[in-house]
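Please work from the sequences and hints to get the whole structure.
If you count by this note's numbering, then the sequence shown holds residues 180 to 310, one letter each, in order.
Derived from the structure by calculation, the hints contain no laboratory data.
The structure displayed is predicted, hence computed values, not measured ones.
Warning: the hint list may mix true and false statements.
Claimed, not checked - Per label pair, the in silico range of CB-to-CB distance: (1) Ala196 to Ser282: 37 to 43 Å; (2) Arg274 to Glu218: 54 to 60 Å; (3) Phe288 to Ala225: 23 to 29 Å; (4) Thr243 to Asn219: 29 to 35 Å; (5) Asp268 to Ala240: 54 to 60 Å; (6) Ala226 to Ala196: 55 to 61 Å; (7) Ala240 to Lys304: 23 to 29 Å.
Glycine residues also receive a C-beta, built at the ideal position from the N, C-alpha and C atoms.
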Amino acid sequence: MKITQYRNKLIGKLISAFMVAFIFIGCEYETIEFDLPDENEPVSFAADILPIFNNGNNCTACHTAGSTSPDLTTDRAYNSIVPALINTDEPEMSRIYEFPHPSSTTHGFKKYTQAQAALVLNWIKQGAENN
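Have a look at this one:
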């Protein structure tokens, strides 16, 4: 009987040790780095911003003519965004940047990636041109 109790205690201690080790190994965090665009690099609305809205039905799944405003389809996006959703005095307060921002709690659907948000902000800071 004593050998069985000793064996059970030993097995219990080994299981506990493995669980503690597993917890410490499982709590390792990785730092994710984003390749953010260079803010000095010119941003093109047609080449850089429109694909954020249109590629993979990203935003245009909802934001089309006759649906949820703004209309972000290729031929209407610029006029739907500028000037209504742009704040050139405080670019970070622009609705087109702020609402779908990755940290936004108000837009419950698709959001920008960190890199996309940085690109949109750079475009606004550069004057939100239709280029």
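A quick look at each hint next to the structure:
1. The supplied range of 37 to 43 Å is met by Ala196 and Ser282, whose beta-carbon atoms lie about 40 Å from each other.
2. Restraint check, Arg274 to Glu218: a C-beta distance of roughly 20 Å breaks the suggested window 54 to 60 Å.
3. Range check, Phe288 to Ala225: about 24 Å between beta-carbon atoms, so the 23 to 29 Å window is met.
4. Checked against the hint of 29 to 35 Å, the C-beta distance between Thr243 and Asn219 comes to roughly 34 Å, which is consistent with it.
5. For the pair Asp268 and Ala240, the supplied restraint of 54 to 60 Å is violated, since their beta-carbon distance comes to about 31 Å.
6. Between Ala226 and Ala196 the C-beta distance comes to about 57 Å, which sits within the given range of 55 to 61 Å.
7. A beta carbon spacing of about 28 Å between Ala240 and Lys304 agrees with the range 23 to 29 Å that was offered as a hint.
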